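S.K.: So the chains spell out like this:
Protein chains: 4
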Amino acid sequence: MNKYITEMIGTFFLVSGAMLGGAMGASLALMVMIYAGGHVSGAHYNPAVTLSVWMRGKIEMKDAVMYWIFQFVAAVIAALVVMYVFNNEGSGACKEAEGWATKAILAEMLGTFALAYVVLNVATAKATSGNSFYGLAIGGTVLAMATALGGFSGGAFNPAVAIGLGVQKSFCWDHIWVYFVGPLGGGALAAIVFSFINPDDK
Amino acid sequence: MNKYITEMIGTFFLVSGAMLGGAMGASLALMVMIYAGGHVSGAHYNPAVTLSVWMRGKIEMKDAVMYWIFQFVAAVIAALVVMYVFNNEGSGACKEAEGWATKAILAEMLGTFALAYVVLNVATAKATSGNSFYGLAIGGTVLAMATALGGFSGGAFNPAVAIGLGVQKSFCWDHIWVYFVGPLGGGALAAIVFSFINPDDK
Amino acid sequence: MNKYITEMIGTFFLVSGAMLGGAMGASLALMVMIYAGGHVSGAHYNPAVTLSVWMRGKIEMKDAVMYWIFQFVAAVIAALVVMYVFNNEGSGACKEAEGWATKAILAEMLGTFALAYVVLNVATAKATSGNSFYGLAIGGTVLAMATALGGFSGGAFNPAVAIGLGVQKSFCWDHIWVYFVGPLGGGALAAIVFSFINPDDK
Amino acid sequence: MNKYITEMIGTFFLVSGAMLGGAMGASLALMVMIYAGGHVSGAHYNPAVTLSVWMRGKIEMKDAVMYWIFQFVAAVIAALVVMYVFNNEGSGACKEAEGWATKAILAEMLGTFALAYVVLNVATAKATSGNSFYGLAIGGTVLAMATALGGFSGGAFNPAVAIGLGVQKSFCWDHIWVYFVGPLGGGALAAIVFSFINPDDK
Chain H
0 MNKYITEMIG TFFLVSGAML GGAMGASLAL MVMIYAGGHV SGAHYNPAVT LSVWMRGKIE
60 MKDAVMYWIF QFVAAVIAAL VVMYVFNNEG SGACKEAEGW ATKAILAEML GTFALAYVVL
120 NVATAKATSG NSFYGLAIGG TVLAMATALG GFSGGAFNPA VAIGLGVQKS FCWDHIWVYF
180 VGPLGGGALA AIVFSFINPD DK
Chain U
0 MNKYITEMIG TFFLVSGAML GGAMGASLAL MVMIYAGGHV SGAHYNPAVT LSVWMRGKIE
60 MKDAVMYWIF QFVAAVIAAL VVMYVFNNEG SGACKEAEGW ATKAILAEML GTFALAYVVL
120 NVATAKATSG NSFYGLAIGG TVLAMATALG GFSGGAFNPA VAIGLGVQKS FCWDHIWVYF
180 VGPLGGGALA AIVFSFINPD DK
Chain V
0 MNKYITEMIG TFFLVSGAML GGAMGASLAL MVMIYAGGHV SGAHYNPAVT LSVWMRGKIE
60 MKDAVMYWIF QFVAAVIAAL VVMYVFNNEG SGACKEAEGW ATKAILAEML GTFALAYVVL
120 NVATAKATSG NSFYGLAIGG TVLAMATALG GFSGGAFNPA VAIGLGVQKS FCWDHIWVYF
180 VGPLGGGALA AIVFSFINPD DK
Chain D
0 MNKYITEMIG TFFLVSGAML GGAMGASLAL MVMIYAGGHV SGAHYNPAVT LSVWMRGKIE
60 MKDAVMYWIF QFVAAVIAAL VVMYVFNNEG SGACKEAEGW ATKAILAEML GTFALAYVVL
120 NVATAKATSG NSFYGLAIGG TVLAMATALG GFSGGAFNPA VAIGLGVQKS FCWDHIWVYF
180 VGPLGGGALA AIVFSFINPD DK
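Residue numbers (numbering that gives the first Met the number 0), protein chains in the order written: chain H, 0 to 201; chain U, 0 to 201; chain V, 0 to 201; chain D, 0 to 201.
Think of the hints as simulated: they come from the structure by calculation, not from any bench.
Among the hints, a few may not be true.
Any copy, or any two copies together, can satisfy a pair, since identical chains are not distinguished.
[Unchecked claim] Each computed DSSO-like pair below joins lysine-lysine, with the alpha-carbon atoms no more than 27 Å apart:
hint: 1; residue 1: Lys168; residue 2: Lys125
hint: 2; residue 1: Lys2; residue 2: Lys61
hint: 3; residue 1: Lys2; residue 2: Lys57
hint: 4; residue 1: Lys94; residue 2: Lys2
hint: 5; residue 1: Lys125; residue 2: Lys94
hint: 6; residue 1: Lys102; residue 2: Lys201
hint: 7; residue 1: Lys94; residue 2: Lys168
hint: 8; residue 1: Lys168; residue 2: Lys57
hint: 9; residue 1: Lys102; residue 2: Lys61
hint: 10; residue 1: Lys102; residue 2: Lys168
hint: 11; residue 1: Lys57; residue 2: Lys94
hint: 12; residue 1: Lys94; residue 2: Lys61
hint: 13; residue 1: Lys168; residue 2: Lys2
hint: 14; residue 1: Lys125; residue 2: Lys2
hint: 15; residue 1: Lys125; residue 2: Lys102
hint: 16; residue 1: Lys57; residue 2: Lys125
hint: 17; residue 1: Lys94; residue 2: Lys201
hint: 18; residue 1: Lys201; residue 2: Lys2
hint: 19; residue 1: Lys2; residue 2: Lys102
hint: 20; residue 1: Lys168; residue 2: Lys201
Note that the structure is a prediction, hence the values are computed from the model and not measured.
Given the sequences, and given the hints that come with them, work out the whole structure.
M.R.: Right, here's the structure in full:
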């Protein structure tokens, strides 16, 4: 249970940081919550990362499912707190242009591939164990990807963040599927690539 | 005594950094003073953090009281230096709108909860001992929380910072109580949550 | 082969980060890809760095040639993805003023000297082995040099980045030679200086 | 000799970074040059830091004098390169208002005190030996102090940087003495305070 609470706290600050502080607020919140919670839960805070770590064989399916549930619940709580305590709410409008979805899916897939590739290498690989840079590297990846790709998709790279932003109406609900297809695809691809370039690290 | 001097120096640069350099100046000053003073005093520089560490059982009450005194004295000295050496003074006006206090207390509580939760996990937990990221994580938390929540409360997350800003007239004195209720509540909550998610780390 | 794939992935994100995210996007992408791939390939992502590491004797010529090939291929792929997926393309115009090339070569040489000097000292020297700062130091060097020298040359410090920007038409093809002469000269100089200041580290 | 060359290279990039990249360029250059050169020379790049480390007993007087010479020479070379290669020159005008010097000396003294206090604690103290954060902490201190205090003095915190900026005419020569009195005073004070709070670390 302590793992699930840790995932919930970290995801709550990541999602509320994204809503109230944009890419910088989200990246910093992610970095610090990874340093705080890594030793308890592994500090995923992201269903796509949990998928990737599960494919890599470093989390059991039962735990992975529970992580997903707690991550989504935390995102919804963050949305409600931001809306009803801090009165910050989007319009919910779906104003993306024709052809937006293709670019957005590829942007989310590329960004989440980078994120999960970094997570697997800095937080689960034998060769980097005991390092002090894992939070900086993972938070830095989200900021790098949001800087480069945020203009195409909003830069969630995380289905839980997307659900939160959907409830809070910064994202349009009709496009939420984009943030499942792209990130889960990117996370899965990262797990495959990781096992290819680290053949001896099971 | 060397611990108390260390708390005083660190808090002085944190508070004067907040006055003269805003959220970035304060966060960077906090990060570097934590790296400089952590090995001497634990580098709290914040009465809410000292409360949280005391509840966690990692500082004795006598020392905690002395830390509080030196932190508040340092904040007042910082305010006087900023006012009378650098001629930087606020208006002292209390212009917050109706309903401000509720949001501000919750913002300060959430932000200080995150801060103390990160401190307890990166600077007092057995599982992370010997790491090189504690200053980055703690300074990064203040910057993350100021980015997301600073608009609601000014983003002190620290009663000593609030006292300093009150003396220097950037904060309105009538609202100083907000910066005791919120941060001390957040710090206390973090200690409770920490002991729940780290049951074997006494 | 896993080393070459790692070089390709890292260089792809570095080059696309430069195109879509500027100096900040490129520096952050470099930092995180170094942390992710350092344990596999050494994380050069830059033909000038590979030259410098080869002169220092820490990579064999056969591998160095393969690194170059994969770095350039990754840069071209990044350019094509940015152009045809994200519709981001430069004008290809050669509008630099008379006398530009001299300053640009010196800027690229100085910046790449600093980059390779930092790489050799933080990622190949015995005295710093096992550190957690190598990605921060190397990514930070690119950001420092782009901040100071980017105005004179565009701030590539990397022939593969230049080829990518040339294909994507942000750089003028007639000036691509500048980004080979400057960076390769700077990288070679760094290898010579390194062996002078670290005489016992072969 | 390898130590002196290291001091010269680091100081060159610090001073040219300050001229061409402002506080961010200087702080980043300092951070990365500390990580690159720390294992060779201790990476002072600053006569006030060298004074402080000498008072702390971690460098011999003969070396300290040589460090000073190479630091000042590097600053002058940086100024000449910036002026004659990159055509970047200040006006040399002395336009500071009445009363400027008192604030500037105190700003330089406070900022350099913080800098030397951080250096002594993170790069020379037994209790922090082997850490990976020394460059981040020291570079971060310069950025923190420049953010808070740069408006009062220009934010050199380093006599060699001041000499470089004087030659390059960004600083007024008549005021160069301010950047010796303030920083050397701050550095000396830091050595005294360090020995007081670390009584067992000789």
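S.K.: For each hint, tell me whether it holds in the structure or not.
M.R.: Quick rundown of the hints versus the structure:
Taking the shortest alpha-carbon separations for Lys168 and Lys125, neither the intra-copy value of 41 Å nor the inter-copy value of 41 Å comes in at or below 27 Å. Taking the shortest Cα distances, Lys2 and Lys61 sit within 27 Å of each other inside one copy (12 Å), while across copies they are farther apart (34 Å). Taking the shortest alpha-carbon separations for Lys2 and Lys57, both the intra-copy value of 14 Å and the inter-copy value of 23 Å come in at or below 27 Å. Neither within a single protomer nor between protomers do Lys94 and Lys2 lie at most 27 Å apart by alpha-carbon distance, with minima of 39 Å and 43 Å respectively.
Within a single copy, Lys125 and Lys94 get their C-alpha atoms no closer than 46 Å, and across copies no closer than 50 Å, so neither meets the 27 Å cut-off. With identical chains, the CA atoms of Lys102 and Lys201 are never at most 27 Å apart, being 34 Å at best within one copy and 48 Å at best between copies. Taking CA atoms no more than 27 Å apart as the test, Lys94 paired with Lys168 passes inside one copy only; the shortest distance there is 13 Å, against 30 Å between copies. With identical chains, the CA atoms of Lys168 and Lys57 are never at most 27 Å apart, being 34 Å at best within one copy and 43 Å at best between copies.
Taking the shortest Cα distances, Lys102 and Lys61 never come within 27 Å of each other, neither inside one copy (34 Å) nor across copies (38 Å). Proximity of Lys102 and Lys168 under a CA criterion of 27 Å is satisfied in both settings, with 21 Å inside one chain copy and 21 Å between copies. When the C-alpha separation of Lys57 and Lys94 is checked against a cutoff of 27 Å, the pair qualifies neither within a copy, at 40 Å, nor between copies, at 53 Å. When the C-alpha separation of Lys94 and Lys61 is checked against a cutoff of 27 Å, the pair qualifies neither within a copy, at 39 Å, nor between copies, at 52 Å.
In this assembly of identical chains, the alpha carbons of Lys168 and Lys2 never lie at most 27 Å apart, being 29 Å within a copy and 44 Å across copies at closest. Taking the shortest alpha-carbon separations for Lys125 and Lys2, both the intra-copy value of 22 Å and the inter-copy value of 17 Å come in at or below 27 Å. Taking the shortest Cα distances, Lys125 and Lys102 never come within 27 Å of each other, neither inside one copy (35 Å) nor across copies (45 Å). Both within a single protomer and between protomers do Lys57 and Lys125 lie at most 27 Å apart by alpha-carbon distance, with minima of 12 Å and 22 Å respectively.
For the identical chains of this complex, Lys94 and Lys201 are neighbours neither inside a copy (45 Å) nor across copies (53 Å), given an alpha-carbon limit of 27 Å. Both within a single protomer and between protomers do Lys201 and Lys2 lie at most 27 Å apart by alpha-carbon distance, with minima of 23 Å and 18 Å respectively. Taking identical chains as interchangeable, the C-alpha atoms of Lys2 and Lys102 are never at most 27 Å apart, the minima being 35 Å within one chain and 30 Å between chains. Neither within a single protomer nor between protomers do Lys168 and Lys201 lie at most 27 Å apart by alpha-carbon distance, with minima of 41 Å and 43 Å respectively.
When held up to the earlier numbered hints, the structure conflicts with 1, 4, 5, 6, 8, 9, 11, 12, 13, 15, 17, 19 and 20 and fits the remainder.
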